[in-house]
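**Student:** Respectively, the protein sequence lines represent chains A and B.
For the first sequence, our numbering assigns the number 509 to the last residue and increments by one with no breaks.
For the second sequence, our numbering assigns the number 326 to the last residue and increments by one with no breaks.
Hints are computed from structural coordinates only; laboratory data are not their basis.
Everything numeric in this text was worked out from a predicted model, so none of it was measured.
We put the beta carbon where it would ideally sit given N, CA and C, even for glycine.
You may find that some hints are simply not true.
[As the list claims (entries may be wrong)] Taking lysine to any residue and the SDA-like style, the derived pairs with C-alpha atoms no more than 25 Å apart in a straight line are:
hint, chain 1, residue 1, chain 2, residue 2
1, A, K112, B, F191
2, A, K123, B, V185
3, B, K211, A, H58
4, A, K112, A, E127
5, A, K323, A, G453
6, A, K312, B, R315
7, B, K117, B, F191
8, B, K300, B, L109
9, B, K117, A, A17
10, B, K117, A, P19
11, A, K312, B, A312
12, A, K123, A, E182
13, B, K211, A, P394
14, A, K312, A, A352
15, A, K112, A, D137
16, A, K112, A, V72
[Unchecked claim] Chain B side only, calculated, beta carbon under 10 Å to chain A, not exhaustive:
hint, residue
17, G192
18, S289
19, T293
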Amino acid sequence: MTESLSPVVEMRGISLAFPGVKALQDVDFRLFPGEVHALMGENGAGKSTLIKTLTGVHRPDSGQVVLAGTDVAFSSPGQAQEAGISTVYQEVNLCANLTVAENILLGREPRKLGGIDFPAMRKRAAEVLSRIGVHIDPASSLGEHPIAVQQLVAIARAITIDCRVLVLDEPTSSLDAGEVAELFRIMRVLRDEGVAILFVSHFLDQVYEISDRMTVLRNGTLVGEHLSADVDRRALIAQMIGRDLGALEAIEEAAEKHQADGPVLVQAEGLGRRGAIEPFDLDIRAGEVVGLAGLLGSGRTELARLLFGADKADSGRLLVDGKPLHLRGPRSAIAAGIAFSSEDRKGEGLVADLSIRDNLVLAMQAARGWTRPLSRRVKDELVEKYVAALDIRPANPDALVRTLSGGNQQKVLLARWLVTEPRLLILDEPTRGIDIGAKAQIQHLVTTLAAEGTAILFISAELEEVVRIADRIVVLRDRHKIAELDGSASLDEVVELIAGGAAPEKVAS
Amino acid sequence: MTALAQRVPSRFLPVLATVILFVLAFGVGSVRYDGFASGQVIANLFIDNAFLIVLAAGMTFVILSGGIDLSVGSVVALSTMVTAAGLRAGWPVPLVIIAVLLIGSTLGLLMGLVIHKFDIQPFIVTLAGMFLARGLCFLISVESVSIKDTTFRDVATAVIELPGGVTITYNVIIALLVVLAALYVLHRTRFGRTVYAVGGNEQSALLMGLKTSRAKVGVYVISGFCSSLAGLLFSLYMLSGYGLHAVGMELDAIAAVVIGGTLLAGGVGYVLGGLVGVLVLGTIQTLISFQGTLSSWWTKIVIGVLLLVFIAVQRTMMRGRFRSLA
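Here chain A stands alone, though its shape is the one from the complex (with noise of 0.2 Å):
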């Protein structure tokens, strides 16, 4: 700990733009070996470029990254792992297709005669899997282990390296509450062995529980760098938003509930399919936020694939204003006015290399068919209103949506479904990985879309933002349906219906 009076990494007046978007401007930051550093900001606001900056995905268009005192500038990720930096993604970037051994350590597996010694192999990753408490089968396929194992295998991969420094890119969003337990005591541990943390999450609860210092960065600037206990939980948001709390209160404002008493809009009779749902009943009306609440793997999305024909139901029937209606995919959902936003927003919805406009346009267009194309005057206008709605930002309907970060994505995903206007809008975790003034603009929409009449399907596996939107709740647990509660329902209520008194289902295998 003798070293920790000079940074390990200094990053001094990076600035990187990509088309249409100025990610960093003239940002400066310092990670100080045996400390765990939180990076704090909106969606947009530059994390995960400046992050990419170090790790070599990036260059700086400018400014310098020092790593123990010497100048260094990485042209790939390799080249950055070798000088000691290693990180974990958000998404598990990992390949399916291999081994769990391979996953953790090849680029620096154990040889012999010149070839990999796989028995050495995959004692070497039992070892580093126990080390953080995870207990799998080396030899076996990555692809066979559910998402939060595979993110604990991507942190084994991480720690395996004598890293010096370890950036971990909101390693939590998809890990339970012991799993979280668990990274915390493992990422203690590395600090107290001299490593220096980076770690991004959308948790402050998480953030105040580990991280001994914060930078702040807000529209790809630097607001400040402060000890943790510096600075209170108000304080710290006022600095991320940048504006007076308005996002607190909108989310205060989320909260109010209206009694929806519209007509039903659509009901399913015994809907279900084998394996993934087991038969439910459910009536949706027009205006009302229904929320869906359950553990991961509770059925949660599976329901919802079954009301947009994503998957075809095995039994029972769904009726729309109270004419059955027969799902032969997707399209027929569409046209009858049901959309579903997915939580897979990379893989289903979003071409990432086509503009905010041409995004959004696709939508429309699709919508009104080709035979009635749309005017030049109506496109500005309509993209100008949903980018304004949603505050898109950059507020450039010409940016690409690749280069947008994964809240304003989600943004521009939601905008695409309400340019068809749909009278049931299904959204799954439609506010993972997305910071509160993002969450609490999306939510505010649902409130105010469900005010004008539109009914919605809200999935989220944050109990609590399901409670406060929602005007009735339904309950899963092991893909059945268990309860169905009104509105003003408490948290623990949800909580005990899913806990069930059965010992707690964990994520993990």
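Please arrange chain B on chain A, whose structure you already have, making use of the hints.
**Tutor:** Just chain B now, with coordinates in the frame of chain A:
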């Protein structure tokens, strides 16, 4: 099958299915035709398809990385042409061999570099390579050039006697050595595992700090090398060089690899699968020649059906397996 499916890891199932298919096809032949189930018939499978085994090994690398190499048939033809013309001009045999292997590897390297540096689909680049190599053949000679070199003829006609009176040629030994080398490289070296990683998820492989560019270019060098080596074996088999040799052989190689259980999307498959795939193709050919009355084009029809069935089976299996990843 279901009991078996539970005990064998699902990644081995496609290969296993191919092995079973091979055993079945061979079993049918043995029951129906006298003399089918002899060691020599099996040996002939290897002798007649040695070059295809080598091609399939190279192709496996490319397909595992998520690419495709359409140039291999033309490179085989070019190699036979260079061999024949070189020997006719009086070059010593070792020089000819080195020249042929160099040409094939260089062509592969060039295609790999173009694919990687300019980020162009392998399909297009290797299609261009296919036309280029085929055209180069006719630059050397438009006619078939026969090989009269005595050393070369001696090697071509030499037979190795195995216990039981079965004979094989040197071609078979070389082909099997190539398969062994490919097995080693793919499964025991960092390069080989990187090929799998790139085929599984290129972006992840890059972020894991693996040398993806080396793997992406390297597979085409390996395929080019294997194609030229297959060309040498084909020269030994045909004892001539001709620009119209090996027309469409790239498709046979791809078919063998796919029937052998390698996913066209990359990342999943085995060299041995390609070997068994070649043997399946060879067995079908032998069956049809034993049958006697069917035209040899029936081979193509059977291969077509098999290919369709295998791809459909793979697709269903992958759906089940990778669902958890979505």
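**Student:** Now look at each hint and say whether the structure bears it out.
**Tutor:** Comparing the hints with the structure gives:
1. Between the alpha carbons of K112/A and F191/B the distance comes to roughly 15 Å, so the proposed pair stays at or under 25 Å and holds.
2. A C-alpha spacing of about 22 Å is found between K123/A and V185/B, which places the hinted pair at or below 25 Å, so the restraint holds.
3. The hinted pair formed by K211/B and H58/A meets the criterion: a straight-line CA distance of about 17 Å does not exceed 25 Å.
4. Between K112/A and E127/A, the direct Cα distance comes to roughly 19 Å. Compliance with the 25 Å bound is thereby established for this hinted pair.
5. Under the criterion of a C-alpha separation no larger than 25 Å, the hint pairing K323/A with G453/A is consistent with the structure, at around 20 Å.
6. Only pairs whose Cα atoms come within 25 Å are accepted, and K312/A paired with R315/B is accepted, the gap being roughly 19 Å.
7. In summary, the hint linking K117/B to F191/B is supported, as the alpha carbons are separated by about 19 Å, within the 25 Å threshold.
8. For the hint pairing K300/B with L109/B, the CA-to-CA distance comes to about 32 Å; that exceeds 25 Å, so the pair is violated.
9. Under the criterion of a C-alpha separation no larger than 25 Å, the hint pairing K117/B with A17/A is consistent with the structure, at around 23 Å.
10. Pair hint K117/B plus P19/A holds up; C-alpha atoms about 22 Å apart against a cutoff of 25 Å.
11. Only pairs whose Cα atoms come within 25 Å are accepted, and K312/A paired with A312/B is accepted, the gap being roughly 20 Å.
12. Distance check on the hinted pair: K123/A and E182/A sit about 22 Å apart at the alpha-carbon level, within 25 Å; holds.
13. This hinted pair does not check out: K211/B and P394/A have alpha carbons roughly 35 Å apart, beyond 25 Å.
14. At most 25 Å may separate the alpha-carbon atoms for a hinted pair to count; K312/A and A352/A exceed this at roughly 28 Å.
15. With a C-alpha separation of about 22 Å, the suggested pair K112/A and D137/A falls inside the 25 Å cut-off, and the hint holds.
16. Using a Cα cut-off of 25 Å, the hinted pair K112/A and V72/A is violated, with the two alpha carbons roughly 33 Å apart.
17. A least Cβ separation of about 8 Å between G192/B and chain A falls short of the 10 Å threshold, and the interface hint therefore holds.
18. Violation of the interface hint for S289/B is found here, the shortest Cβ-Cβ separation to chain A being roughly 39 Å, above the 10 Å cut-off.
19. Because the smallest distance between the Cβ of T293/B and any Cβ of chain A comes to about 45 Å, over 10 Å, the interface hint for this residue is violated.
Of the numbered hints stated above, those contradicted by the structure are hints 8, 13, 14, 16, 18, 19, listed in ascending order.
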